[in-house]
Amino acid sequence: MKRFTLSLLCTLLLCSGGLAQHWPQFRGQQASGVAEGATPPATWNAVKSINVRWKTPIPGLAHSSPVVWGNEIFVTTAINSGKDEARFGLYGDVEPVKDDPKHTFKVYALDKSTGKIIWERVAYEGIPKVKRHPKSSHAASTPATDGKYVVALFGSEGLYAYDMSGKLVWKQDLGVLDAGWFYDPDYQWEYAASPVIYKNMVIVQADIQKNSFIAAYDLK
Numbered sequence: 050m051k052r053f054t055l056s057l058l059c060t061l062l063l064c065s066g067g068l069a070q071h072w073p074q075f076r077g078q079q080a081s082g083v084a085e086g087a088t089p090p091a092t093w094n095a096v097k098s099i100n101v102r103w104k105t106p107i108p109g110l111a112h113s114s115p116v117v118w119g120n121e122i123f124v125t126t127a128i129n130s131g132k133d134e135a136r137f138g139l140y141g142d143v144e145p146v147k148d149d150p151k152h153t154f155k156v157y158a159l160d161k162s163t164g165k166i167i168w169e170r171v172a173y174e175g176i177p178k179v180k181r182h183p184k185s186s187h188a189a190s191t192p193a194t195d196g197k198y199v200v201a202l203f204g205s206e207g208l209y210a211y212d213m214s215g216k217l218v219w220k221q222d223l224g225v226l227d228a229g230w231f232y233d234p235d236y237q238w239e240y241a242a243s244p245v246i247y248k249n250m251v252i253v254q255a256d257i258q259k260n261s262f263i264a265a266y267d268l269k
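Residues 50 to 269 in the numbering used here are what the sequence shown spells out, letter by letter.
To be clear, the hints were calculated from the coordinates, so they are not data collected in a lab. Backbone N, C-alpha and C define an ideal beta-carbon position, used for all residues, glycine too. Incorrect hints may have been included.
Unchecked claim - SDA-like mimics (lysine to any residue), calculated; alpha carbons at most 25 Å apart, straight line:
hint: 1; residue 1: Lys-269; residue 2: Gly-196
hint: 2; residue 1: Lys-259; residue 2: Asp-149
hint: 3; residue 1: Lys-147; residue 2: Gly-196
Unchecked claim - Simulated restraints, written as ranges between beta carbons of each label pair:
hint: 4; residue 1: Asp-256; residue 2: Pro-89; range: 29 to 37 Å
hint: 5; residue 1: Arg-170; residue 2: Gly-82; range: 26 to 34 Å
hint: 6; residue 1: Phe-262; residue 2: Ala-91; range: 38 to 46 Å
hint: 7; residue 1: Val-83; residue 2: Ile-252; range: 38 to 46 Å
hint: 8; residue 1: Lys-165; residue 2: His-71; range: 17 to 25 Å
Sequences are here, hints too, so could you generate the full structure?
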């Protein structure tokens with residue numbers, strides 16, 4: 050599945066100015082969801098390219114949001130080695146996907162002005178340790194950046210810190226993060242909490258079936 054949602058979000062950010070230059074984490078500055086001074090277009094159409102500056106196809110499935118620092122955009126994705134599909138609409142079935150083969154978990158850096166891929170890195174390859182809900186993805190956590198580092202969290206597949214050139218600085222195994230339904234652990238939503246950078250720390254929280262935790266790691 051090709052994901053074109055990125056082009057829509059980039060349009061909003063490209064049309065914004067001032068303090069909207071940085072959107073460093075989930076929901077932006079201070080997680081407020083507010084871009085001070087931004088004047089985005091009121092209408093757009095990705096299919097007809099109305100108010101769309103550019104489009105860059107990203108393979109795989111992801112529910113993570115793009116983050117922005119200056120003229121760079123960072124996104125994550127999980128690419129299925131088999132057939133990759135997501136379900137939409139209303140239905141009563143909450144069972145996880147039946148076939149969850151090898152995935153490639155990737156981080157992309159793109160030029161905000163052109164959409165050109167600056168670099169892409171494979172964070173992890175393997176069969177996901179926890180299955181996903183048919184409407185979810187294995188790349189549901191939004192990355193975070195402070196302009197020096199980019200941090201990507203792929204749930205049970207680990208936490209990864211890169212410098213702005215794409216060099217892997219460190220990685221951390223967080224164990225199996227089982228975020229399944231408390232009524233029936235066999236039903237899986239997949240982990241989706243996003244990391245936060247504060248000063249020289251990256252903070253993650255895991256509200257999971259057993260041994261939930263909050264952890265802070267040295268960013269450097």
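A quick look at each hint next to the structure:
Distance restraint check for Lys-269 and Gly-196: the Cα-Cα separation of roughly 13 Å lies within the 25 Å cut-off, and the hinted pair is therefore satisfied. A C-alpha spacing of about 23 Å is found between Lys-259 and Asp-149, which places the hinted pair at or below 25 Å, so the restraint holds. Restraint check for Lys-147 and Gly-196: not satisfied, since their Cα atoms lie roughly 39 Å apart, outside the 25 Å limit. With their beta carbons about 32 Å apart, Asp-256 and Pro-89 fall inside the hinted range of 29 to 37 Å.
For Arg-170 and Gly-82, the Cβ-Cβ distance of about 28 Å falls inside the hinted range of 26 to 34 Å, so the restraint holds. Checking the proposed 38 to 46 Å range against Phe-262 and Ala-91 shows it holds: the Cβ atoms sit about 42 Å from each other. Take Val-83 and Ile-252: their Cβ atoms lie about 21 Å apart, and the range 38 to 46 Å is violated. Judged by the Cβ atoms, the range 17 to 25 Å given for Lys-165 and His-71 holds: they are separated by roughly 20 Å.
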